Amino acid sequence: MATVMKGRGEIARLDREVAEGFLRTMMLIRHFEERSLELFTKGELIGMCHVSVGQEAVAVGVCSELRGDDYVASTHRGHGHSIAKGADIGKMFAELLGREAGYCKGRGGSMHMADVGAGFLGCNGIVGAGIPIAVGAGLSIKLRKTDQISVVFFGDGATNIGAFHEALNMASAFNLPVLFVCEDNMYALSTKTGDMSGAKCNADKGTAYCMRSRVIDGMDVYAVRDATRELISAIRAGEGPAFLDCKTYRYYGHSKSDTRPYRTKEEEAEWRSRDCITTLADKLTAAKLATAEEIEAVEADAARQIEESIEWARQSPFTNPEEVSKYVFAE
Amino acid sequence: MATVMKGRGEIARLDREVAEGFLRTMMLIRHFEERSLELFTKGELIGMCHVSVGQEAVAVGVCSELRGDDYVASTHRGHGHSIAKGADIGKMFAELLGREAGYCKGRGGSMHMADVGAGFLGCNGIVGAGIPIAVGAGLSIKLRKTDQISVVFFGDGATNIGAFHEALNMASAFNLPVLFVCEDNMYALSTKTGDMSGAKCNADKGTAYCMRSRVIDGMDVYAVRDATRELISAIRAGEGPAFLDCKTYRYYGHSKSDTRPYRTKEEEAEWRSRDCITTLADKLTAAKLATAEEIEAVEADAARQIEESIEWARQSPFTNPEEVSKYVFAE
Amino acid sequence: MREITYRQAITEAMDEEMARDERVILMGEDVGLFGGAMACSKGLYEKYGPERVIDTPLAETAIIGGALGCALTGMRPIAEIMFIDFTGICFDQIVNQAAKVRYMLGGQVEVPMVIRTQGGAGRSYAAQHSQSWESLFAHFPGLKIVMPATPYDAKGLLKSAIRENNPVMYIEHKALYNNKGNVPDEEYLVPIGKADIKREGEDVTVVAHSRTALMALEAAERLEVESGIDVEVIDLRTISPMDEETIYESVRKTGRLVCFEEGHRNVGIASEVSARVTENCFDYLDAPIMRVAAKDVPIPCATELEREVIPNPDWLVTAVRKVLGEREKVPAAVGYTSCV
Amino acid sequence: MREITYRQAITEAMDEEMARDERVILMGEDVGLFGGAMACSKGLYEKYGPERVIDTPLAETAIIGGALGCALTGMRPIAEIMFIDFTGICFDQIVNQAAKVRYMLGGQVEVPMVIRTQGGAGRSYAAQHSQSWESLFAHFPGLKIVMPATPYDAKGLLKSAIRENNPVMYIEHKALYNNKGNVPDEEYLVPIGKADIKREGEDVTVVAHSRTALMALEAAERLEVESGIDVEVIDLRTISPMDEETIYESVRKTGRLVCFEEGHRNVGIASEVSARVTENCFDYLDAPIMRVAAKDVPIPCATELEREVIPNPDWLVTAVRKVLGEREKVPAAVGYTSCV
Ligand SMILES: Cc1ncc(C[n+]2csc(CCOP(=O)(O)OP(=O)(O)O)c2C)c(N)n1
Ligand SMILES: Cc1ncc(C[n+]2csc(CCOP(=O)(O)OP(=O)(O)O)c2C)c(N)n1
Ligand SMILES: [Mg+2]
Ligand SMILES: [Mg+2]
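Protein chains in written order, with my numbering: chain A, 38 to 368; chain B, 38 to 368; chain C, 263 to 602; chain D, 263 to 602.
Please keep in mind that the hints were generated in silico from the structure rather than gathered at the bench.
Values in this document were obtained by computation on a predicted structure and should not be read as measured data.
Be a bit skeptical, because a hint or two may be false.
Stated by the list, open to error - Computed list of lysine-lysine pairs in BS3-like fashion (alpha-carbon distance at most 25 Å, straight line):
| no. | chain 1 | residue 1 | chain 2 | residue 2 |
| --- | --- | --- | --- | --- |
| 1 | A | Lys229 | C | Lys309 |
| 2 | D | Lys515 | B | Lys79 |
| 3 | A | Lys293 | C | Lys456 |
| 4 | A | Lys179 | D | Lys460 |
| 5 | B | Lys182 | C | Lys309 |
| 6 | A | Lys182 | D | Lys436 |
| 7 | A | Lys293 | C | Lys557 |
| 8 | A | Lys293 | C | Lys436 |
| 9 | B | Lys179 | A | Lys229 |
| 10 | B | Lys229 | D | Lys304 |
| 11 | A | Lys363 | D | Lys557 |
| 12 | B | Lys363 | C | Lys456 |
| 13 | D | Lys456 | B | Lys363 |
| 14 | A | Lys229 | A | Lys182 |
| 15 | C | Lys456 | D | Lys309 |
| 16 | B | Lys179 | C | Lys456 |
| 17 | D | Lys515 | D | Lys436 |
| 18 | B | Lys179 | A | Lys237 |
| 19 | B | Lys229 | D | Lys515 |
| 20 | D | Lys515 | B | Lys302 |
| 21 | D | Lys557 | B | Lys293 |
| 22 | B | Lys293 | D | Lys442 |
| 23 | A | Lys179 | B | Lys229 |
| 24 | D | Lys456 | D | Lys436 |
| 25 | A | Lys302 | C | Lys557 |
| 26 | C | Lys557 | A | Lys363 |
| 27 | B | Lys237 | A | Lys179 |
| 28 | A | Lys229 | C | Lys456 |
| 29 | C | Lys436 | A | Lys79 |
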């Protein structure tokens, strides 16, 4: 059984600048997701759109420990990872709205968002499929003898699919610099993690492959950050892959039409009471590191940035249908 | 880590009849395999033929604990499982020689040998593919509420493939009556188990899914039998799937053309010195439960049965090319 | 007669067959309480319980392998794969195991299992959630492929599929679930292996299936009204084994053929129909056979782009006019030049 | 010029490209010390070491996903899948990931990876080790499919594939490894996307690929000698994207076409060639296009049965005579009636 760690960031030790950075990025993600969902519900954004509201601390805590040249591979619920890895929000909205200025020139949409220049190798519509790809990036790092690392996010549901295991096994057998980050939000669509897994804990699947594994509170950005830091330093030291299991929650349905008959309002409220953003904000004010006004200002700023990005994306031209065959092959 | 068990069958407690049965079936398999390999080398048997010489104790020890209505799913190296589950040897040779009297009417050959009537659901040419199918049989048992069990054999190599994990996870999550039997013969073709697996031990992959797991000496038919008995009684008692990891060795190459550059003659000799048949024979004579002559007689009888089966198969008619499209669909 | 949706037709078919035969079970991701990602199994969990409407882990290989193991040992499973695009995960279990096991075992087993899944584009779901893979599965002997276009066919074909003793891929179309149509009050079956002439006509034959069968009817109406062109529309319904005689008969009558499908053009169902007709009705053909299919481009997300890749009735109208030699008279439809 | 085997041609191509570009690596099951199940990488492990000739776990999804991850981050991997039949395990990674990622990402990446595998029958390996899946992969835009018939093409095409910045499926044929043929002493490439007229002729065009290209040459010799029939044999070499112009030109000359392949007939490459030619050369056709392909039966193990399913030169001879209107003059060849 993997070690269960508690969030270690004590209030007194909080660095105001770091904390504000965390808060700001989590708020950006939150607003990005809330607005995406609105645009989706209104029909301005079409296709699919899985939002990660509630899970922001995982994306931010992990990515805050990454370098620009580290790789991240993601899931169908990857807007947060994209933002946390440094993607441009305007280009992200442009992608969601099918514009030429979008990261994927409208060809990918929400499920294939990527910013390869920033090391964000992309979301993926096939659950689990990003995991072996991230392991491949890890192999490439090893062969090129750099000290980058490769990080892959995936859900609890993904831990039941074959690709996950093949990838973990290969990473471990080859001692590759890969961090596996499970976002255990308790559900794979409608099914409960525990009902569908033979393991007591997702991390046990990592420990079976002799990986350093940690189970942490994914609602606490500091807990995520600290565990990531520990695991990454081992990875960069050549100690092989590691597994981080983050307990978190998606506040909304799996996607737009999901009315969540499989869980209770109480459960939702309970998790919302531990919200990663309000918890951190409260800590900051309690420790007198920031005033409520200052925090509101950060939030207002994030909200403004999101609105500006949406506007920018809306103003940008649609994709050109005549170029639909462009990018099938490289020349 | 799974418990490592030693063979528990003490000489004094050996029941002569049981022991002779084990010896006889192991010898049948041994002769079947040796002769298949000869026929293959001479070109009378064509296609593919993976023999299990050296591994007989696993097939026999496990299957001796099964009922006729229990299911067994197997691998590319499955002749031994077939014989141990009670298939007719003449029909098996007929299949290898492409005769109409073969189990699969010549359509399957070595890699698809099956005797569904005897509960032997078949060999499989795709490594790992039999495992989810066996889990499906386990699900069927649960739904039909019988007390059958479903057993699946697979190699160490197969524990690295996705199907293995999906199947183990489902069996565990659904608490199905499935016994997973790993025949760890130290190699997947040319690669060493340990080099290709992230786990210290195959059984750890089972324990990750909370399965009762045992690691045993697969050269000792009693050790296999005893561990199987223990695990099966738990399975039939409704305690869910279990994992048996048997350490064994294939004496010959992976298939005909394999010259085994990946291992040493010394290693081979070392394993052969622990041969499952001679060890048991020696135990029997040492305990004065049988004389050398009696044992030779068992062997001669097995050899004779094999020769008669080959002859019978040779005399039986070839498949009818005009019926090649028969059995694509059921009516 | 009652009017029900395509989705209801599917639910009813499962419901009736589960009531009729207790060996029938449904397994797949979120098919239980949630009622299925496409809401096709709503109510079945409540009615038949968790032992017969089984939520599985997110593990397509285990779903199909598991269903196959069930089918070999006395059950009659329906396995749901949420999107046909995900069968890439369990492709081996479908095409190397389920499709072949009866043959490889020389007839020792029957394989009464249905793989229910859905495909097709039109929802801006992008390249991994919009595909039409029927052409892949049709390549494999041992599999039957069924694709209904209407609620009537959806119900009747699914009931037949569940009673079939061979593996059947039953492929729904994601854009049709809310379509309504008449079905009989009493029980009925639609036979597997029989195409349906959805519209009789004299001038040109259009062979289509699933959503394109409906698009073909739409195009046929327009061609009739606008130009008095009389189109015969054949809905394949069963993609494999294909009811070629119905096609040949029609082509012998009309002398002209357009094959219309939603999958990519390269090595698609339209190619197969074309090749068979050339082989068997060459002397009856008055014009080249044309194919109207998706462009050979991964399906893009943005609406404007997706529309460019996926065929629509306009494309068919243009193609029909072309095989009738009216090329010069009509302006080229959007996307037409590259779609045929 | 030197004479080398098809196998050596493959080894040489990898060797030269690995020497030329250190980003090129080979990964797969038993490709290292063992030299590959088909012995194509013998000596490379010794020469380039375990970092560039990488034995992987038995895990095809991890192999292809791993190679893809490498290709996206600066390496140029060759991933070996032992039998094409096993791509059912990693089908998603090939067709939904590698084939689509460049497009889905709007051109952000190039995907310089080769999937080397082998297919085909003739060895009594039964239904799961004898298949020809090129028709499946050809359905997917974003993948290039290359299948050499001779040592010359094997070497030149593999070198081109390794230098290509798109995913290439390079499919060998298991029955050809020991075939010998001439290759130049100096370095050369064979371009991807260009068919090869392996024999010029006036009377009828045969389009084939991989082993059937050689069978077609054999049949052509016999037809010439026995009946003075002059067959043009086109070896596709690249299955996708297909060099259709070379085919059209030939058919415009001969007016007759037989499409010859080893895969199952239903929705195969032969179907595609037939459909394209009908669409584009209809007015030039003097006879129905015929397809000669494997029967639509899983490939059986027993030699007598396998022979019944897999096409051979006799089948082609009969089909050629038939499209030339000699049907009445020749006795039906074994298996012929049901193969076309
Ligand atoms: C291989 C595959 N199977 C099923 C799906 C449909 N699907 C998309 S997300 C999802 C649930 C995923 O659960 P989890 O991995 O826990 O991620 P979460 O949605 O909770 O973030 C499902 C079933 C898919 N996209 N790919
Ligand atoms: C999916 C798949 N990959 C590769 C192969 C080729 N192959 C057949 S047996 C084998 C080695 C299997 O090793 P293991 O599971 O340990 O069984 P063993 O041969 O040792 O009995 C390989 C690579 C295959 N048949 N199927
Ligand atoms: Mg989840
Ligand atoms: Mg082994």
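Comparing the hints with the structure gives:
1. Lys229(A) to Lys309(C): holds (21 Å)
2. Lys515(D) to Lys79(B): Violated, at roughly 50 Å.
3. Lys293(A) to Lys456(C): Violated: Lys293(A) and Lys456(C) sit about 39 Å apart, past 25 Å.
4. Lys179(A) to Lys460(D): violated (45 Å)
5. Lys182(B) to Lys309(C): holds (20 Å)
6. Lys182(A) to Lys436(D): violated (37 Å)
7. Lys293(A) to Lys557(C): violated (30 Å)
8. Lys293(A) to Lys436(C): holds (16 Å)
9. Lys179(B) to Lys229(A): At roughly 21 Å apart (the allowed maximum being 25 Å), Lys229(A) and Lys179(B) satisfy the hint.
10. Lys229(B) to Lys304(D): holds (19 Å)
11. Lys363(A) to Lys557(D): violated (38 Å)
12. Lys363(B) to Lys456(C): Status holds; Cα separation ~21 Å.
13. Lys456(D) to Lys363(B): violated (40 Å)
14. Lys229(A) to Lys182(A): Status violated; Cα separation ~41 Å.
15. Lys456(C) to Lys309(D): Distance of about 60 Å is beyond 25 Å: violated.
16. Lys179(B) to Lys456(C): Cα-Cα ~37 Å, so violated.
17. Lys515(D) to Lys436(D): violated (34 Å)
18. Lys179(B) to Lys237(A): Holds, because 22 Å separates the two Cα atoms, which is no more than 25 Å.
19. Lys229(B) to Lys515(D): Judged against 25 Å, a Cα distance of about 58 Å means the pair is violated.
20. Lys515(D) to Lys302(B): violated (64 Å)
21. Lys557(D) to Lys293(B): Violated, because 30 Å separates the two Cα atoms, which is more than 25 Å.
22. Lys293(B) to Lys442(D): holds (24 Å)
23. Lys179(A) to Lys229(B): It holds: about 21 Å lies between the C-alpha atoms, which stays within 25 Å.
24. Lys456(D) to Lys436(D): Status holds; Cα separation ~23 Å.
25. Lys302(A) to Lys557(C): violated (46 Å)
26. Lys557(C) to Lys363(A): holds (12 Å)
27. Lys237(B) to Lys179(A): Holds, at roughly 22 Å.
28. Lys229(A) to Lys456(C): violated (42 Å)
29. Lys436(C) to Lys79(A): The hint holds at about 21 Å.
Checked against the numbered hints given earlier, the structure breaks hints 2, 3, 4, 6, 7, 11, 13, 14, 15, 16, 17, 19, 20, 21, 25, 28 and satisfies all the rest.
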